[in-house]
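There are 2 protein chains.
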Amino acid sequence: MASPAVSYARGNQQRFLNELKDLLRIPSISTLDEHKSDVQKAADFVAAELRRIGLDNVESIPTKGHPLVYAEWLHAPGKPTVLMYAHYDVQPPDPLNEWISPPFEPAERNQNVYARGAVDDKGQLWMEVKALESLMQGGGGKLPINVKVLFEGEEEVGGESITEYVLKQKTKLKADFALVCDTELFAANLPTLCVGLRGLVYTEIEAVGPKTDLHSGVYGGAAPNPLFALIEIISQLKDAKGKILIPGFYQGVKAPSQAELKTWKRLPFKEEHYRKTEVGSTVLTGEPGYSVLYRTWARPTLEVHGIPGGFTAPGAKTVIPARAAAKVSMRLVPNQNADDVLNKFKKFVKKLTPKGIQTSIKVWSRGPACVVGTDNPYILAATEALRDVFKKDTVFIRSGGSIPIVTDFQDVLKIPSVMMGFGLPDDNLHAPNEKFHIPNFYRGIESICVFFEKLGGK
Amino acid sequence: MASPAVSYARGNQQRFLNELKDLLRIPSISTLDEHKSDVQKAADFVAAELRRIGLDNVESIPTKGHPLVYAEWLHAPGKPTVLMYAHYDVQPPDPLNEWISPPFEPAERNQNVYARGAVDDKGQLWMEVKALESLMQGGGGKLPINVKVLFEGEEEVGGESITEYVLKQKTKLKADFALVCDTELFAANLPTLCVGLRGLVYTEIEAVGPKTDLHSGVYGGAAPNPLFALIEIISQLKDAKGKILIPGFYQGVKAPSQAELKTWKRLPFKEEHYRKTEVGSTVLTGEPGYSVLYRTWARPTLEVHGIPGGFTAPGAKTVIPARAAAKVSMRLVPNQNADDVLNKFKKFVKKLTPKGIQTSIKVWSRGPACVVGTDNPYILAATEALRDVFKKDTVFIRSGGSIPIVTDFQDVLKIPSVMMGFGLPDDNLHAPNEKFHIPNFYRGIESICVFFEKLGGK
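As they're listed, the protein sequences go chains Y and Z.
Going left to right, the first sequence walks through residues 33 to 490 as the working numbering numbers them.
Going left to right, the second sequence walks through residues 33 to 490 as the working numbering numbers them.
Mixed in with the good hints there might be a few duds.
As the list claims (entries may be wrong) - EDC-like mimics (lysine to aspartate or glutamate), calculated; alpha carbons at most 20 Å apart, straight line:
id: 1; chain 1: Z; residue 1: K243; chain 2: Y; residue 2: D126
id: 2; chain 1: Z; residue 1: K382; chain 2: Y; residue 2: D271
id: 3; chain 1: Y; residue 1: K387; chain 2: Z; residue 2: D271
id: 4; chain 1: Z; residue 1: K349; chain 2: Y; residue 2: E192
id: 5; chain 1: Z; residue 1: K243; chain 2: Y; residue 2: D458
id: 6; chain 1: Y; residue 1: K349; chain 2: Z; residue 2: E236
id: 7; chain 1: Z; residue 1: K308; chain 2: Y; residue 2: D245
id: 8; chain 1: Y; residue 1: K387; chain 2: Z; residue 2: E319
id: 9; chain 1: Z; residue 1: K349; chain 2: Y; residue 2: D126
id: 10; chain 1: Y; residue 1: K243; chain 2: Z; residue 2: E130
id: 11; chain 1: Z; residue 1: K349; chain 2: Y; residue 2: E238
id: 12; chain 1: Z; residue 1: K387; chain 2: Y; residue 2: D271
id: 13; chain 1: Z; residue 1: K383; chain 2: Y; residue 2: D65
id: 14; chain 1: Y; residue 1: K302; chain 2: Y; residue 2: E319
id: 15; chain 1: Y; residue 1: K387; chain 2: Z; residue 2: E310
id: 16; chain 1: Y; residue 1: K243; chain 2: Z; residue 2: E310
id: 17; chain 1: Z; residue 1: K349; chain 2: Y; residue 2: D70
id: 18; chain 1: Z; residue 1: K243; chain 2: Y; residue 2: E192
id: 19; chain 1: Z; residue 1: K387; chain 2: Y; residue 2: E304
id: 20; chain 1: Z; residue 1: K243; chain 2: Y; residue 2: E304
id: 21; chain 1: Z; residue 1: K387; chain 2: Y; residue 2: D371
id: 22; chain 1: Z; residue 1: K243; chain 2: Y; residue 2: D271
id: 23; chain 1: Y; residue 1: K349; chain 2: Z; residue 2: E192
id: 24; chain 1: Z; residue 1: K387; chain 2: Y; residue 2: E303
id: 25; chain 1: Y; residue 1: K382; chain 2: Y; residue 2: D371
id: 26; chain 1: Y; residue 1: K387; chain 2: Z; residue 2: D126
id: 27; chain 1: Z; residue 1: K243; chain 2: Y; residue 2: E303
id: 28; chain 1: Y; residue 1: K349; chain 2: Z; residue 2: E238
id: 29; chain 1: Y; residue 1: K174; chain 2: Y; residue 2: D88
id: 30; chain 1: Z; residue 1: K294; chain 2: Z; residue 2: D407
id: 31; chain 1: Y; residue 1: K382; chain 2: Z; residue 2: D271
id: 32; chain 1: Z; residue 1: K387; chain 2: Y; residue 2: E319
id: 33; chain 1: Y; residue 1: K383; chain 2: Z; residue 2: D271
id: 34; chain 1: Y; residue 1: K308; chain 2: Z; residue 2: D245
id: 35; chain 1: Y; residue 1: K243; chain 2: Z; residue 2: E303
id: 36; chain 1: Z; residue 1: K174; chain 2: Z; residue 2: D88
id: 37; chain 1: Y; residue 1: K243; chain 2: Z; residue 2: D458
id: 38; chain 1: Y; residue 1: K243; chain 2: Z; residue 2: E304
id: 39; chain 1: Y; residue 1: K387; chain 2: Z; residue 2: D245
id: 40; chain 1: Y; residue 1: K349; chain 2: Z; residue 2: D88
These are calculated hints, taken from the structure and not from any lab test.
Just so we're clear, the structure is a prediction, and the values are computed from it rather than from any experiment.
Using the sequences and the hints given, assemble the complete structure.
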């Protein structure tokens, strides 16, 4: 038997979808200055709706960048408090000519709504808002648990303002757990919870050799070359099989449990399909003895992203540059300590630096891995809610990437995040023809309703 | 006793210098479109003077870029024919605020003339013209040898037009040797001939991995990274001591003669001064067991000049790029074959390419080393001429760089070049406050007069 909230959601699906389309029509592209007022417009649209459905203290909080939207409802004493997160800004729509229908004119085809931001993340934000409306209506003006809402408009440009806000407003944002709706199902119709993210240490090794750029004809053979030095250093950080050679690097690495590994093996994952359609290389690479999912979700890695310096335009210039740099990052897994890894990295780079060259290391970002146990009460309730809605067992996955806000919630607010997302692997995030599968929009709303009802003890 | 030509040159020094200043006032910056007419103006200035002093068939030859200036005098049957080379274009003068006097308003200080192009190469071009005038005047309207003149206006932008012209006009340019005045003395008052240049093979290794740029969080551990592949490959091309590891690379390498090595040891070269003032690094590097001059003049080297690809702007982007490239060059010495070296390089890079990556190699330029024996009759005559003028023994040096036109003369016209230059190591080529030491301008004119007189049998 559907709860009153779920019944209400089912009865209002078409209106919910129409409202989402209105939100999708606002081109809230956070990275483009000329769309600054559109980002504000989207924030106002969302804030007005939170107010209309009955939340308290709704505010649009100005920042150095785009506004945050906050709202709360705290009238369920003794019940848990959730901090609900999503973002209302979107990626630019280029290349425009590859869109079948215009990016900011939502169109329906094959049970999908096509528009920039459909799934990332306006559709999932609106799921959260519409779940709150349904719960409020189904509960006679009351929610089953306490709710704090914090939506941002800078996710696609680094999310600096929300990080600052979380650091400053620990008390205001105090909650028992966060709900983050910005991820996807592992496969269509497969209820999925993401319970782990890798951490990240992103550095830039700067190398200095001669006092000025030199002619490689005149000085080649006597002058140290910072670019070659970086190559020498980085080639010794990782072997050809993907094993990282920094002394002590793997210290603390915690393997996933046997149970978790077993569930990964049951996931509908076809390596050859993944190689062909997602990576597109002739073979996949990485540490022998680990599956692709293990390697990308639960093994640390080291990558080079760019090597600024010297001459990189078309043609030939025979320069030995005075300086060069290399962007090198490491993905971390539980229970590696980011500071510890960084120190070991720094020490090893220093040791590998050849004579005649000075290196220094700039740190662009650093954060540990995030993992939530599948026996965590919020994960348990979410698991049950998804099973109820999808009529299927929930799968637990991890992601190899990092979601900075989840790290902030873990490190600053000390709360776990329930990453419950309803996108699909082929939803074209950040690409032309982004879409959201409409049945998933509806199932998302119902799942959140049931999830909160379970936590509220109904 | 000075010859009539040398006496004439001495009697006209001030006029010659004034004319050079007029040429220096023309801002013939070949790389800047807005100065195209100035480059033409400089060509016309030079052509007019060649006509005035009595050369035949003077022409300003239009090209796709800037004009070539040709002239000849071929009335010395049975005598050798020289092909005289210099260039009348100059580098841009930036940064302007570091010039003590404006770059195109020649100023005299401490027996130097300061201006852009003073030594590189208008001053040395004008030496050639004024030597011809002096010889013509001193010889009663006759020159001691046959003369062909070929001046270019694209040396600072690659010299493409003269290379094409040489290829097309082999018969017209037929000569016994070339005189190239675009180099420098090893030290002040030390008569110098450059008798060797290193060759160059300049390549770009292109590496392709995934079909598109990938997120290093999501795909790190499974997707091949073209940047890391390049690092792996290049790190295996050369060891930490500078030894190149390409199989067969050193095949054919001919060491300088014991006599040449002995003369290098007598050159006024101070390694510590060179390290501090020229290179500016904490130590010098390169193959153990070879002197700095040996390493930079007569040992092959391998350098990396730039690694385009991935993310190189300030900040952090977690990308595994679909493709990346590396500009890698090798300097060659006698008797390495450029094609042979290139083939060995290609084969080795292919062998080192890790799985999942495809590499291909683009060749930006390739040419062998150039060396002239010190027993060559033209070098012998030049040596004697310099000794007569400087009252000192001539030193023979090499240069680690390549001068493409010298390679063209060697490979296409099959003639050796006498590289007789009168610049000084501190003349600020390509930098603010470029200068030419005025006594060297005069000695250059006299040296060319005596050189040609000796070849003419006077």
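Hints and how they fare:
Note on K243/Z and D126/Y: the hinted pairing holds, with a Cα-Cα distance of about 19 Å set against a maximum of 20 Å. For the given pair, K382/Z sits about 19 Å from D271/Y by alpha-carbon distance, which is consistent with the 20 Å threshold. For the hint linking K387/Y to D271/Z, the alpha-carbon distance of about 13 Å falls within 20 Å, and the restraint holds. Distance check on the hinted pair: K349/Z and E192/Y sit about 15 Å apart at the alpha-carbon level, within 20 Å; holds.
At most 20 Å may separate the alpha-carbon atoms for a hinted pair to count; K243/Z and D458/Y meet this at roughly 16 Å. As the CA atoms of K349/Y and E236/Z are separated by approximately 11 Å, the hinted pair is consistent with the 20 Å bound. Pair hint K308/Z plus D245/Y holds up; C-alpha atoms about 14 Å apart against a cutoff of 20 Å. The suggested pairing of K387/Y with E319/Z holds, with an alpha-carbon distance near 13 Å, which does not exceed 20 Å.
Proposed proximity of K349/Z and D126/Y is supported: the alpha carbons are some 19 Å apart, at most 20 Å. Only pairs whose Cα atoms come within 20 Å are accepted, and K243/Y paired with E130/Z is accepted, the gap being roughly 18 Å. Pair hint K349/Z plus E238/Y holds up; C-alpha atoms about 17 Å apart against a cutoff of 20 Å. Among the hinted pairs, K387/Z with D271/Y is consistent with the structure: their alpha-carbon atoms are about 13 Å apart, no more than 20 Å.
Restraint check for K383/Z and D65/Y: the C-alpha separation of about 49 Å exceeds 20 Å, so the hint is violated. Under the criterion of a C-alpha separation no larger than 20 Å, the hint pairing K302/Y with E319/Y is consistent with the structure, at around 18 Å. As the CA atoms of K387/Y and E310/Z are separated by approximately 18 Å, the hinted pair is consistent with the 20 Å bound. Our distance criterion of 20 Å between C-alpha atoms is met by K243/Y and E310/Z, whose separation comes to about 8 Å.
Of the pairs offered as hints, the one joining K349/Z and D70/Y is violated, with about 26 Å between alpha carbons and a cut-off of 20 Å exceeded. A C-alpha spacing of about 31 Å is found between K243/Z and E192/Y, which places the hinted pair above 20 Å, so the restraint is violated. About 16 Å separates the Cα atoms of K387/Z and E304/Y, which keeps this hinted pair within 20 Å; it holds. Proposed proximity of K243/Z and E304/Y is supported: the alpha carbons are some 15 Å apart, at most 20 Å.
Simply put, K387/Z and D371/Y have alpha-carbon atoms about 33 Å apart, too far for the 20 Å limit, and the pair is violated. Only pairs whose Cα atoms come within 20 Å are accepted, and K243/Z paired with D271/Y is rejected, the gap being roughly 24 Å. Restraint check for K349/Y and E192/Z: satisfied, since their Cα atoms lie roughly 15 Å apart, inside the 20 Å limit. Distance restraint check for K387/Z and E303/Y: the Cα-Cα separation of roughly 17 Å lies within the 20 Å cut-off, and the hinted pair is therefore satisfied.
Straight-line distance between C-alpha atoms of K382/Y and D371/Y comes to about 17 Å, which keeps the hinted pair within the 20 Å bound. With a CA separation close to 33 Å, the supplied pair K387/Y and D126/Z exceeds the 20 Å bound. The hinted pair formed by K243/Z and E303/Y meets the criterion: a straight-line CA distance of about 16 Å does not exceed 20 Å. The hinted pair formed by K349/Y and E238/Z meets the criterion: a straight-line CA distance of about 17 Å does not exceed 20 Å.
As the CA atoms of K174/Y and D88/Y are separated by approximately 12 Å, the hinted pair is consistent with the 20 Å bound. A threshold of 20 Å between alpha carbons decides the hint, and for K294/Z with D407/Z the separation of about 16 Å falls inside it, so the pair holds. Using a Cα cut-off of 20 Å, the hinted pair K382/Y and D271/Z holds, with the two alpha carbons roughly 19 Å apart. A threshold of 20 Å between alpha carbons decides the hint, and for K387/Z with E319/Y the separation of about 13 Å falls inside it, so the pair holds.
Straight-line distance between C-alpha atoms of K383/Y and D271/Z comes to about 17 Å, which keeps the hinted pair within the 20 Å bound. Restraint check for K308/Y and D245/Z: satisfied, since their Cα atoms lie roughly 14 Å apart, inside the 20 Å limit. Distance restraint check for K243/Y and E303/Z: the Cα-Cα separation of roughly 16 Å lies within the 20 Å cut-off, and the hinted pair is therefore satisfied. At roughly 12 Å between alpha-carbon atoms, K174/Z and D88/Z fall within 20 Å of each other, so this suggested pair holds.
Between K243/Y and D458/Z, the direct Cα distance comes to roughly 17 Å. Compliance with the 20 Å bound is thereby established for this hinted pair. Distance restraint check for K243/Y and E304/Z: the Cα-Cα separation of roughly 15 Å lies within the 20 Å cut-off, and the hinted pair is therefore satisfied. Proximity of K387/Y to D245/Z is assessed by CA-CA distance (about 35 Å); at most 20 Å being required, the pair is judged violated. Distance check on the hinted pair: K349/Y and D88/Z sit about 38 Å apart at the alpha-carbon level, beyond 20 Å; violated.
Against the hints set out earlier in the document, violations occur for numbers 13, 17, 18, 21, 22, 26, 39, 40.
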